[in-house]
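Asker: Residue numbers (this note's numbering), protein chains in the order written: chain E, 1 to 537; chain F, 1 to 133.
Each hint should be verified, as a subset may be incorrect.
Unchecked claim - Calculated pairs, SDA-like style, for lysine to any residue (alpha carbon to alpha carbon, straight line, at most 20 Å):
1. E:Lys475 with E:Glu126
2. E:Lys433 with F:Asp122
3. E:Lys57 with E:Leu107
4. F:Lys120 with E:Gly437
5. E:Lys433 with F:Gly110
6. E:Lys441 with F:Lys120
Unchecked claim - Every beta carbon over 10 Å from chain F, so not counted as near; a handful from chain E, in silico:
7. Lys10
8. Gly184
9. Arg195
10. Ser224
11. Gly293
12. Tyr447
Everything labelled a hint here was simulated from the structure, so no lab data went into it. The C-beta atom is built at its ideal place from N, Cα and C for all residues, glycine as well.
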Amino acid sequence: MNAPQKPTMKKVINESGIEVKPLYTAADVEASGGMEMVGEPGAYPFTRGIHREMYRKQPWTMRQYAGFGNPADTNQRFKYLIANGQTGLNVAFDLPTQIGLDSDDPLAEGEIGRVGMSIDTLRDFEIAFDGIDLKKITVSLTINGAAAILIAMYLAMAEKRGYDIKELRGTAQNDILKEFIGRGTWIFPVEPSIRLVGDTIEYCAKEAPKYTPVSVCGYHIRESGATPAQEIAYAFCIAKAYADDAIRRGLPVDEFAGRLSYNFNIFGNIFEQVCKFRAGRGLWAKIMKEEYGAEKPGSMWLRMIAAGGGGGLTFEQPEVNIVRGAYYALISALSGTQTMALCSYDEAYTIPTEYSARISLRTMQLLIEEMGLTETVDPLAGSFYVETMTNEMRKKMEEIMAEVDAQGGIVKMVADGTIQAKVSSQAYQMQRKIESGEFRKVGVNCYRNEQEEDHPVEFHPYNEDDARLQIESLKRIRAERDNKAVDAALTRLRKDAAAGTNVMPALVEAVKAYASVGEMTKELVNVFGRYQEPIRF
Amino acid sequence: MTQAPRRIKVLLGKPGLDGHDQGAKVVARAMMDAGFEVIYTGLRQTPEQIARIALEEDVDVISLSSMAGSHIPFCRKLKPLLEANGLTDKLWVIGGNLPAQDHEALRELGFKGIFPSGSKLDAITEFIRKEVK
């Protein structure tokens with residue numbers, strides 16, 4: 001007699017490469033390492049959350065990415081978002097600003113104010129943040145290559161408006177290593193770029209101790225093709241590179257580690273993402289405590305923005321992205337993030353309109369006001385599946401970090417293009433899987449519309465006048481400012497950069513004299529040179 | 001004896017200042033898998049650089065990947081340079097974040113292949129194979 005046929009069950013492997021079982025029991029939790037790393041929220045190893053009460057005390061900060069045109073346009077959008085209940089700002093800069101070019105640079109033509117706001121001098125920051133209470137609304141600057149300059153500018157602007165810099169909160173992205181992997185707004189070669197990050201960490205630890213000078217981004221590495229486990233592992237390797245630099249300068253770990261933060265991505269399988277964050281929190285705490293000897297709990301906290309999800313959104317049937325965004329927001333909330341931001345449904349096409357930005361904001365507000373997501377801390381804890389997967393994700397991350405160490409470390413692997421080649425090869429394989437239908441995307445490889453409808457996407461208009469106005473404004477400032485003071489500050493900047501002295505005091509002086517982003521960048525390029533991209537496949 | 005067909009040679013450029021190169025690199029790999037020889041420029045190419053590389057490398061296809069919205073001003077500058085260098089008989093292709101309302105303008109600027117986000121990799125490589133004689 002033939003044995004009865006068993007129904008075949010397809011093997012499921014998540015994106016991080018871990019097998020997902022149809023059923024989990026207490027035995028799986030035990031086999032994966034048990035509940036040892038779970039603990040209590042607000043206590044080491046912080047797997048369940050960095051604060052005891054989490055959202056009961058304060059819901060996540062809502063911080064939609066925004067900025068376009070000139071500073072006055074952006075100031076209006078900021079005020080619109082705040083009026084609609086947004087509780088933080090996440091500033092988008094145009095590409096010339098991001099790579100240290102002034103608006104009148106020939107290379108900036110056609111790009112001024114296009115993907116973010118255009119900033120040339122301190123005057124622009126004064127306009128952009130006019131009328132915004134910087135104590136109530138914390139500001140995150142999405143700036144990397146030119147981060148040291150823009151941090152100096154932000155501190156100078158706040159000081160000029162009478163804020164106590166010692167008490168000023170806010171964040172700069174300032175994660176240059178990931179820019180070499182994805183996103184690409186690098187300026188200087190790898191080593192001096194890391195030194196500049198170190199300069200900002202050191203300066204802020206002393207002068208602006210509540211300011212967060214770095215937000216290490218797994219986000220863009222994931223967008224470039226990394227798996228969720230790699231996203232966290234590579235980000236931790238990068239954060240360790242910055243921490244090592246700070247320690248080489250003689251900074252005690254507890255003086256700066258509490259001001260490091262993270263930016264992670266939220267698209268993909270719900271449980272894999274939630275476990276990714278829980279696992280990451282435990283692992284980071286362990287690294288800071290055991291490897292770095294951190295003693296303050298704050299130094300062990302994985303403070304983060306869980307954001308975006310751009311890589312999961314689709315060009316096809318864009319209105320379905322509203323629903324995807326809602327699930328991504330749910331992932332963020334279940335993950336215990338400090339800050340949330342969502343890519344808007346039209347972002348595969350254009351800069352979000354007021355309308356689409358408001359839908360994203362409302363999505364997050366729904367979770368707070370109607371869905372009960374702020375009531376109980378880490379509500380998925382204790383699930384056999386979630387605890388097992390959290391243990392397995394953490395192990396996977398540790399394996400990836402060990403591989404990086406074995407291959408010479410993240411700095412070397414970024415400098416020679418190894419990481420870039422690896423994630424881009426994965427992105428290619430994923431694209432092939434999507435095109436073959438093996439990896440399902442609704443509206444893309446299944447449930448396609450017979451005839452694609454005219455998409456209900458309103459394009460954000462690009463205003464050529466903004467560029468002209470911005471250039472005129474820069475020329476006016478150059479004519480009106482004290483150019484002797486500018487020259488003196490730029491000379492100091494060049495000398496400090498060459499001498500290996502922290503450049504932040506010189507940058508603050510130059511910024512206050514209304515030196516432009518392009519002028520300051522040129523001085524640094526003269527000393528550091530420019531990055532040459534390794535092209536590897 | 002029949003001569004082996006010449007490998008199609010493609011310049012794949014990242015015009016302008018944008019650093020989003022995931023798509024460009026994915027397309028580059030698809031082209032290599034299709035048997036093309038690919039010259040990938042890396043980021044931040046000016047129109048002058050693209051025209052120069054296309055000429056020096058004697059490519060059959062000049063392709064661009066644009067994600068940040070500056071494709072029209074860029075291609076307006078590139079067109080006369082390609083013409084001046086006698087590259088009008090090459091196949092010009094562009095892909096990326098290209099709103100439908102811009103496709104006609106891109107066609108008028110000489111781009112025969114337009115592949116907005118959502119295009120299939122095989123559609124791109126098949127188009128190139130068909131168009132390059």
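Asker: With reference to the structure, classify each hint as holding or not holding.
Answerer: Now for the hints, and whether the structure bears them out:
A C-alpha spacing of about 17 Å is found between lysine 475 of chain E and glutamate 126 of chain E, which places the hinted pair at or below 20 Å, so the restraint holds. Restraint check: the Cα-Cα separation between lysine 433 of chain E and aspartate 122 of chain F comes to about 13 Å, which is no more than 20 Å; the hinted pair holds. Between lysine 57 of chain E and leucine 107 of chain E the CA atoms are separated by roughly 48 Å; this puts the pair beyond 20 Å, and the hint is violated. A distance of roughly 12 Å separates the Cα atoms of lysine 120 of chain F and glycine 437 of chain E; the hinted pair therefore holds under the 20 Å criterion.
Our distance criterion of 20 Å between C-alpha atoms is broken by lysine 433 of chain E and glycine 110 of chain F, whose separation comes to about 33 Å. Only pairs whose Cα atoms come within 20 Å are accepted, and lysine 441 of chain E paired with lysine 120 of chain F is accepted, the gap being roughly 14 Å. Distance check for lysine 10 of chain E against chain F: the nearest CB is about 25 Å away, which clears 10 Å, and the non-interface claim stands. Non-interface status of glycine 184 of chain E relative to chain F is broken: a Cβ of that chain comes within 10 Å, the nearest being about 2 Å off.
No beta-carbon of chain F is positioned within 10 Å of the beta-carbon of arginine 195 of chain E; the least distance is around 21 Å. Residue placement check: serine 224 of chain E does not keep its beta carbon more than 10 Å from all beta carbons of chain F (closest about 5 Å). The claim that glycine 293 of chain E is not at the interface with chain F holds, since no C-beta of that chain comes within 10 Å of its own (minimum 37 Å). Interface exclusion of tyrosine 447 of chain E from chain F stands, the closest Cβ pair being 15 Å apart, more than 10 Å.
Comparing the model with each numbered hint stated earlier shows that hints 3, 5, 8 and 10 do not hold.
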